[in-house]
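Each chain is listed here by its residues.
Protein chains: 2
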Amino acid sequence: MILYDCITAPSPRRARIFAAEKGIELEKVQVDLGTGEHLSESFMRINPRCTVPALALDDGTIIADNFAIADYLESIQPQPALIGSNARERALIIQLNNRIEVEGFMALAEILRNSSPRMKNRALTGPVDFPQLPALAERGRARFQYFFPMLEEQLGDQEFLLGDHFSLADISAFVVTEFAGWVKERIPQDCNRLQAWYARIKARPACSA
Amino acid sequence: MILYDCITAPSPRRARIFAAEKGIELEKVQVDLGTGEHLSESFMRINPRCTVPALALDDGTIIADNFAIADYLESIQPQPALIGSNARERALIIQLNNRIEVEGFMALAEILRNSSPRMKNRALTGPVDFPQLPALAERGRARFQYFFPMLEEQLGDQEFLLGDHFSLADISAFVVTEFAGWVKERIPQDCNRLQAWYARIKARPACSA
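Read top to bottom, the protein sequences are chains A and B.
Quick note: the first sequence uses my numbering, first residue 59, plus one each step.
Quick note: the second sequence uses my numbering, first residue 59, plus one each step.
Simulated from the structure, these hints should not be mistaken for laboratory data.
Fair warning: there could be bad hints in the mix.
Per the computed footprint, the stretches of chain A lying under chain B, defined by three or more beta-carbons under 8 Å from a beta-carbon of chain B, are [to be verified]:
no., segment
1, 112 to 123
2, 126 to 135
3, 180 to 188
4, 249 to 259
Covered stretches of chain A, as calculated for chain B (at least 3 residues, CB under 8 Å) [unchecked claim]:
no., segment
5, 80 to 94
6, 142 to 150
With the C-beta cut set under 10 Å, the calculated list includes, among others, these residues of chain A facing chain B [unchecked claim]:
no., residue
7, R107
8, L191
9, Y204
Glycine included, every Cβ here is placed at the ideal spot set by N, Cα and C.
Please construct the entire structure, taking both the sequences and the accompanying hints into account.
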């Protein structure tokens with residue numbers, strides 16, 4: 059398997075951390091988003107969606123969706139379980155992970171992609187250009203203000219976001235937390251438990267993957 | 059188990075069809091989105107996110123995410139498999155389903171929620187009001203133009219979107235196709251194979267669920 063990766067970008071980092079937590083070594087090929095390598099003809103032949111992470115299986119199949127990559131790695135190497143150990147746990151992790159995807163990643167992407175001069179006409183990922191909508195950057199910032207308080211409430215007095223077990227949801231929320239710094243958002247001071255959670259997650263060896 | 063449902067809305071329809079294809083009978087409670095019942099205090103006590111579908115498990119756990127509901131039902135009743143029979147099939151179904159979610163459902167929701175007078179200040183789901191952005195409705199329409207041609211290409215000469223087996227991706231794409239009519243979008247005339255696929259799916263008994 060080959061993971062098409064970009065060492066500086068948040069999305070492929072989620073896949074790298076997930077694999078590292080499982081002790082799965084993936085061959086990595088860097089795709090330089092900074093110079094637009096993801097939009098090149100040669101990368102479009104690998105992943106026509108022009109995104110990383112993209113996992114190439116040994117038979118050539120391309121899996122270019124973060125949750126699909128996580129689910130695949132969980133299927134081929136179930137331990138340690140990062141997407142739950144039974145139907146209910148799985149559903150709760152998937153549900154929270156999707157919330158982090160929409161209310162965290164997408165909100166931050168709305169801010170960044172609709173305001174950064176470097177991302178002119180790159181308001182959406184993919185091969186087609188879409189112009190920036192400044193009002194959508196503003197709305198992204200407005201909705202993101204609910205994100206960390208939601209996580210703080212979800213965490214409560216637990217060690218991890220869904221209880222005693224570290225999961226995919228912790229990985230996604232951790233990467234969102236660091237990605238938030240790109241647009242000058244951070245965990246509010248009064249979210250004490252989330253601050254402590256962040257320090258715990260950051261100290262995990264896999265999280266430097 | 060109880061499925062909180064709205065018989066007229068596209069999102070809970072996906073869960074209804076999924077359960078019906080598996081022959082799982084769910085007790086259903088209707089939540090009237092038209093009169094704002096999903097934003098009422100009594101429903102917020104059930105699902106604070108104010109969305110349907112929401113599946114209440116017998117222990118009171120609420121699963122209020124379409125893919126999480128599908129995954130839960132697949133776990134407790136694996137046959138017929140609707141999310142694949144091995145790691146690779148699962149990953150491909152999840153990947154396509156997420157694409158249908160973002161490029162189909164979200165694009166249509168951008169059009170509808172940012173333009174319909176009935177949805178003033180309801181540009182996003184959830185308990186918080188966000189004003190409509192007319193420019194986002196326009197962008198939703200622009201990006202949706204790529205959706206059906208993408209499905210036509212994905213389908214190719216196959217019976218279903220991912221080959222010989224009916225899957226969750228077919229359910230999601232079918233519901234998007236009918237939802238598209240709400241904003242006067244339909245399968246283009248030149249997408250012949252997709253037109254035939256739509257007729258095949260619509261004829262399935264579960265798709266009238």
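Status of the hints after comparison with the structure:
Closer than 8 Å: that is the beta-carbon criterion, and the segment 112 to 123 of chain A has 6 residues meeting it against chain B, so the requirement of 3 holds. Counting residues of the segment 126 to 135 of chain A whose CB falls under 8 Å from any CB of chain B gives 6; the rule of at least 3 is met. Counting residues of the segment 180 to 188 of chain A whose CB falls under 8 Å from any CB of chain B gives 4; the rule of at least 3 is met. Counting residues of the segment 249 to 259 of chain A whose beta carbon lies closer than 8 Å to any beta carbon of chain B gives 0, which falls short of the minimum of three for the stated coverage.
Counting residues of the segment 80 to 94 of chain A whose beta-carbon sits less than 8 Å from any beta-carbon of chain B gives 0, not enough to reach three: the coverage restraint is violated. Interface restraint, the segment 142 to 150 of chain A with chain B: holds (6 residues with C-beta to C-beta distance below 8 Å; minimum three). Because the closest C-beta pair between R107 of chain A and chain B is about 8 Å apart, less than 10 Å, the hint holds. The interface hint given for L191 of chain A holds, since its Cβ lies 5 Å from the closest Cβ of chain B, which is under the 10 Å cut-off.
Among the interface hints, the one on Y204 of chain A holds; its C-beta lies about 7 Å from the nearest C-beta in chain B, closer than the 10 Å criterion.
The earlier numbered hints that this structure contradicts are 4, 5.
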